[in-house]
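Student: Residue numbers (our numbering), protein chains in the order written: chain F, 126 to 455; chain Z, 126 to 455.
Derived by calculation from the structure, the hints in this document are not laboratory data.
Be careful, since some hints might not be right.
For chains that are exact copies, the list does not tell them apart, and a pair is met inside one copy or across any two.
Straight-line Cα separation of at most 25 Å, SDA-like style, residue types lysine to any residue; simulated pairs [to be verified]:
(1) K302 <-> A179
(2) K446 <-> A294
(3) K249 <-> D236
(4) K424 <-> A172
(5) K249 <-> R270
(6) K450 <-> A303
(7) K306 <-> R270
(8) K302 <-> S262
(9) K292 <-> D236
(10) K306 <-> I279
(11) K450 <-> T161
(12) K446 <-> T291
(13) K300 <-> G445
(14) K306 <-> K404
(15) K302 <-> N260
(16) K424 <-> Y297
(17) K249 <-> Q407
(18) K302 <-> E261
(19) K404 <-> S330
(20) K302 <-> E277
(21) K424 <-> R164
(22) K292 <-> D400
(23) K300 <-> Q190
(24) K302 <-> P263
(25) K302 <-> E169
(26) K446 <-> T247
Listed here are the chains, written in short residue letters.
There are 2 protein chains.
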Amino acid sequence: MARFFWILTLIPTLLFAQAEEERIVLVIHGGAGWITPDRYEADEEAALTAVMQAALQAGYAVIEQGGMAEDAVVAAIQVMEEDSNFNAGIGAVFTHEETNDLDASIMRGGDLNAGAVAGVRTIKSPIEGALTVMNESPHVMLSGRGAEAFAEEIGLEMVDPSYFYTKSAFDYLQKVKANEKNGGLLDGTQDHKFGTVGCVALDESGNLAAGTSTGGMTNKRWGRIGDSPIIGAGTYANNATCGVSCTGWGEFFIRNQAAYQLSALMEYAGMSLEDAADKVIQDIDAMEAKGGLIALSSKGECQWSFSTPGMFRAYITESGKMVVKFYTEE
Amino acid sequence: MARFFWILTLIPTLLFAQAEEERIVLVIHGGAGWITPDRYEADEEAALTAVMQAALQAGYAVIEQGGMAEDAVVAAIQVMEEDSNFNAGIGAVFTHEETNDLDASIMRGGDLNAGAVAGVRTIKSPIEGALTVMNESPHVMLSGRGAEAFAEEIGLEMVDPSYFYTKSAFDYLQKVKANEKNGGLLDGTQDHKFGTVGCVALDESGNLAAGTSTGGMTNKRWGRIGDSPIIGAGTYANNATCGVSCTGWGEFFIRNQAAYQLSALMEYAGMSLEDAADKVIQDIDAMEAKGGLIALSSKGECQWSFSTPGMFRAYITESGKMVVKFYTEE
């Protein structure tokens with residue numbers, strides 16, 4: 126009988142200890158969109174899973190070695206920038222003028238410092254460009270050729286614009302342009318995938334950082350800037366609440382201040398991370414725009430929310446356990 | 126004795142009725158900074174007062190004729206863009222490369238639509254450029270040469286970049302550059318005036334709109350984008366709360382999401398307009414950065430807050446009564 130009570134006491138204690146211990150330390154997304162099981166073969170799923178696991182592990186290695194959350198964010202995002210499956214770095218979508226104009230931003234939750242680059246074509250890693258703006262300049266946001274000159278001056282790796290070219294992104298631009306001539310939309314919103322990538326990390330010092338990197342919208346023109354390089358819209362981090370990275374129809378994420386709205390709902394309305402994440406996406410959905418977000422609280426709780434059929438998303442816990450998901454959960 | 130009571134009753138009734146009736150319909154600022162009585166001669170004060178009154182009246186005329194709040198904002202700001210006393214349009218500060226790179230944004234409180242231009246050199250009225258992005262494009266933010274191509278395509282008035290030149294702004298750049306060579310700051314933060322202009326208007330339909338226009342920071346480089354063209358940082362409007370336009374050290378207004386923070390404090394924390402306006406400026410002051418803001422609620426209550434010795438600011442009530450102020454109130 127004594128043993129029975131001992132077991133009854135132990136089981137919840139063990140479960141609770143497990144729940145207590147398993148903080149999530151890094152969460153990533155590779156974009157939201159019309160990501161459904163019928164669109165991917167088993168080998169494609171396996172390849173996408175592998176690159177997302179590689180991104181998680183690259184960020185995790187930084188945290189495990191006692192590194193800073195912002196460096197973990199950069200390490201994880203760089204894996205996705207280098208992979209042509211995502212709309213960031215190599216594989217970025219093309220503008221109307223047939224260039225790859227890349228945007229990225231990063232924010233640190235401890236001191237609310239932030240950095241961003243918009244419309245850059247020759248910085249090999251746009252997320253590293255954003256980190257460098259935060260750490261090495263008095264500014265938050267640099268754009269175009271000026272941002273490139275800054276990056277070169279600092280000594281970042283520069284590339285020829287063709288470095289980011291992929292045939293599939295170029296072909297998709299031609300399809301969208303043809304569709305536009307026939308009176309179609311600026312971008313195909315049906316059958317569409319917002320392949321923006323993002324990451325939120327929590328380091329051993331309890332500091333959060335969030336980052337986002339993207340090529341923006343296929344066929345974008347007129348130097349259009351979306352939400353990804355805008356602090357408060359596509360990216361936000363605050364140790365008092367959480368870190369957030371968004372993906373979706375950028376104009377609506379700007380108008381709704383999506384990333385900072387989530388933090389403000391927690392800080393000022395006392396809302397839970399889960400409820401706040403859902404409200405942000407519901408508010409955007411009410412404007413008939415789609416997208417998703419990932420969020421990680423300073424307690425190591427992870428939340429994602431999206432209004433599309435799927436979102437590439439994954440997290441890793443402090444013990445190194447990984448979870449990768451693509452589709453809507455039943 | 127009866128007459129005495131009648132008077133006692135009448136006075137507060139009249140005062141209350143006055144307070145009820147006199148909604149403020151338009152508020153403007155011409156920048157915050159080291160604006161102190163010893164810096165301005167009587168004729169300079171008179172000239173600045175006259176242009177601020179002209180801006181108020183230009184916006185008021187739109188509202189009086191039943192026009193929309195966003196058109197009132199544009200009309201008021203255009204008066205200040207055309208006046209060389211302010212850092213917007215003619216009289217804008219110079220970049221490190223000796224160009225005038227202009228930023229502006231506008232937001233409508235009814236549907237949260239917004240428009241912005243960043244780093245433009247040839248659009249005669251940057252605030253009209255922002256309005257046109259909101260009304261005539263699917264985008265919120267356009268930048269650089271692309272934004273200019275869009276404006277030209279739409280038919281906005283274009284000018285040679287020299288249109289914005291003033292000797293005083295050019296001379297000030299040379300002074301800052303010389304100071305920089307001697308190890309001084311990027312921009313003189315002491316003895317400094319942030320001459321950004323802004324406006325919030327409330328139209329007869331009860332719709333709010335807010336707008337901001339600026340040349341940014343003297344000696345800015347690398348395509349730096351400040352808070353003025355960033356929705357949520359320098360400009361925000363929401364009929365549920367208020368409209369806001371900011372001026373100051375832009376990087377800190379971005380990091381603190383100043384304009385939207387004010388609205389979020391009202392919407393989610395139930396804070397009054399006055400307390401929210403003060404908290405936003407206090408939070409920025411706690412980071413040792415200076416600036417100010419104007420806000421107008423959907424009830425026609427006006428509030429301003431600033432941490433500098435002065436701010437050019439003024440409002441007009443629905444009956445046309447104008448109040449113009451420059452310095453800290455005792």
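Student: Indicate, hint by hint, whether the structure satisfies it.
Tutor: Results for each hint:
Taking the shortest Cα distances, K302 and A179 never come within 25 Å of each other, neither inside one copy (35 Å) nor across copies (47 Å). For a Cα distance limit of 25 Å, the shortest separation of K446 from A294 qualifies neither inside one copy, at 33 Å, nor across copies, at 58 Å. In the homo-oligomer, the alpha carbons of K249 and D236 never lie at most 25 Å apart, since the shortest distance is 27 Å inside one protomer and 38 Å across protomers. Taking the closest pair of Cα atoms, K424 and A172 never come within 25 Å of each other, the shortest separation being 31 Å inside a single copy and 56 Å across copies.
Both within a single protomer and between protomers do K249 and R270 lie at most 25 Å apart by alpha-carbon distance, with minima of 14 Å and 23 Å respectively. Taking the shortest alpha-carbon separations for K450 and A303, neither the intra-copy value of 33 Å nor the inter-copy value of 56 Å comes in at or below 25 Å. With identical chains, the CA atoms of K306 and R270 are at most 25 Å apart between copies only, with a shortest distance of 24 Å across copies and 31 Å within one. In this assembly of identical chains, K302 and S262 lie within 25 Å of each other by CA distance solely across copies; the values are 17 Å between and 38 Å within a copy.
Taking the shortest alpha-carbon separations for K292 and D236, neither the intra-copy value of 41 Å nor the inter-copy value of 39 Å comes in at or below 25 Å. Proximity of K306 and I279 under a CA criterion of 25 Å is satisfied inter-copy only: 19 Å between copies versus 43 Å inside one chain copy. Proximity of K450 and T161 under a CA criterion of 25 Å is satisfied intra-copy only: 11 Å inside one chain copy versus 60 Å between copies. Taking identical chains as interchangeable, the C-alpha atoms of K446 and T291 are never at most 25 Å apart, the minima being 33 Å within one chain and 62 Å between chains.
Taking the shortest alpha-carbon separations for K300 and G445, neither the intra-copy value of 42 Å nor the inter-copy value of 55 Å comes in at or below 25 Å. Neither within a single protomer nor between protomers do K306 and K404 lie at most 25 Å apart by alpha-carbon distance, with minima of 37 Å and 51 Å respectively. Proximity of K302 to N260 under the C-alpha cut-off of 25 Å is restricted to the inter-copy arrangement: shortest distance 23 Å between copies versus 39 Å within a copy. Taking the closest pair of Cα atoms, K424 and Y297 never come within 25 Å of each other, the shortest separation being 41 Å inside a single copy and 49 Å across copies.
For the identical chains of this complex, K249 and Q407 are neighbours neither inside a copy (35 Å) nor across copies (39 Å), given an alpha-carbon limit of 25 Å. When the C-alpha separation of K302 and E261 is checked against a cutoff of 25 Å, the pair qualifies only between copies, where the shortest distance is 20 Å, while the shortest distance within a copy is 39 Å. Taking CA atoms no more than 25 Å apart as the test, K404 paired with S330 passes in neither setting, with 30 Å inside one copy and 28 Å between copies. For a Cα distance limit of 25 Å, the shortest separation of K302 from E277 across copies, 22 Å, qualifies, whereas the shortest one inside one copy, 33 Å, does not.
For the identical chains of this complex, K424 and R164 are neighbours neither inside a copy (36 Å) nor across copies (52 Å), given an alpha-carbon limit of 25 Å. In this assembly of identical chains, K292 and D400 lie within 25 Å of each other by CA distance neither inside one copy nor across copies; the values are 41 Å within and 55 Å between. For a Cα distance limit of 25 Å, the shortest separation of K300 from Q190 qualifies neither inside one copy, at 46 Å, nor across copies, at 47 Å. Taking the shortest Cα distances, K302 and P263 sit within 25 Å of each other only across copies (16 Å), while inside one copy they are farther apart (40 Å).
Taking identical chains as interchangeable, the C-alpha atoms of K302 and E169 are never at most 25 Å apart, the minima being 27 Å within one chain and 55 Å between chains. Taking the shortest Cα distances, K446 and T247 never come within 25 Å of each other, neither inside one copy (36 Å) nor across copies (55 Å).
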